[in-house]
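Participant: Chains as they are written, first to last, in this note's numbering: chain A, 1 to 155; chain B, 1001 to 1150.
No lab work stands behind these hints, which were simulated from the structure alone. Don't take each hint at face value.
What the hints assert, rightly or not - Restricting the straight-line Cα-Cα distance to at most 30 angstroms, the calculated cross-link-like pairs of lysine-lysine (DSS-like) are: (1) B:K1138 x A:K88; (2) A:K136 x A:K60; (3) A:K148 x A:K26; (4) A:K26 x B:K1128; (5) A:K148 x B:K1122.
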Amino acid sequence: MNAPSWVRDVFEHYLICEFTSIDNGKPVTFPLLFFYNDDGHRFVVTSSILFSRKIEHMKKNPKVSLLFSNPEGSGVEKHVVLVQGVAKCDDSDLDHGWERYLPMWRKKEPYIDGFLAAREQFAWFWKRIVVEVEPKKILAWKNGDTAKPAEEINL
Amino acid sequence: MEERGHRETRGGNQPLTSLDLVDPDRLSRFRYGVVTWIDKDGFPFSVATDFLLSENGEILLKRPSVPAIITGGRVGVLFNHITGIPTGGYTDRRYILVWGRVSEDKGFLKLHAEELSEWDEKILPFDKLCAAAVPQAKRYLESLQPSIDA
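So that you can see chain A by itself, here it is in the shape it has in the complex (with noise of 0.2 angstroms):
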């Protein structure tokens, strides 16, 4: 991805986006944490069966956005980034199939180890599915002002 050096550090430094799904026509926004995995340019996010209504959301449209707009604990300067996608849902393997982004997780919730130690208390929250976003379309707001255009970026 051919994007400035404020961009890529919002992907790989802020903690959470705000997620839209379409629920029959109707924009579904809720935060979620993320993972940005630079090899394939590739959004990913993961969800427990527990909230998984965004996940009937996407299989039946897999439109969605990721918005990066909260800079909080990441670090890293105020911007703004959407990222226009196009979802895969895949809930072949929810007992493992999530697991091999534990090291990202680990590196955003430190303490997430203490919630795994309690996996057999935390059962239907560790049943996960995993939803690989293809970014098709990227806006940013350097500095955050979205009273000016925005700058598109070149996937």
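Keeping the supplied structure of chain A fixed, place chain B upon it in accordance with the hints.
Facilitator: Frame of chain A; chain B shown alone:
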């Protein structure tokens, strides 16, 4: 952080004002909103923008510089908060997600709230939220069953 909700309210047939749905005191604890609608290509389009509450408790969104929002069109507005932890991660999670329609109002977009979903971990702790969501988990597993049986 995952989608959560300890309250969902539908307007039904009764005309509601934003004040009927959204507590201004709670909303004032958020710094900005994320406005989302469906664009001409069918993708969700989100942008962050500042907001203010009028004396009447109306939600006024600062107009962002983006392809035009269809006046009267349906939008979702997420107000979200986390507090970063110095050693990593975050806490104090809360959000309010409001659906409604927007109209022009003196250079702002006035949000006419129709529906709401919210969660505040200080009100509903995470473990209790998980317990409440077990029926959804069971439904999802049941939806996978045909492919497992095949």
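Participant: Mind checking the alpha carbons of K136 (chain A) and K60 (chain A) for me, to see if they're no more than 30 angstroms apart?
Facilitator: holds (18 angstroms)
Participant: If you draw a straight line from the CA of K148 (chain A) to the CA of K1122 (chain B), is it 30 angstroms or shorter?
Facilitator: violated (36 angstroms)
Participant: Hey, K148 (chain A) versus K26 (chain A), does the alpha-carbon distance stay inside 30 angstroms?
Facilitator: holds (27 angstroms)
Participant: Is the hinted pair K1138 (chain B) and K88 (chain A) satisfied, with a Cα-Cα distance of at most 30 angstroms?
Facilitator: It holds: about 22 angstroms lies between the C-alpha atoms, which stays within 30 angstroms.
Participant: Below or equal to 30 angstroms on CA atoms is what counts here, so check K26 (chain A) against K1128 (chain B).
Facilitator: Holds, at roughly 27 angstroms.
Taken one by one, the earlier hints fail for this structure only at number 5.
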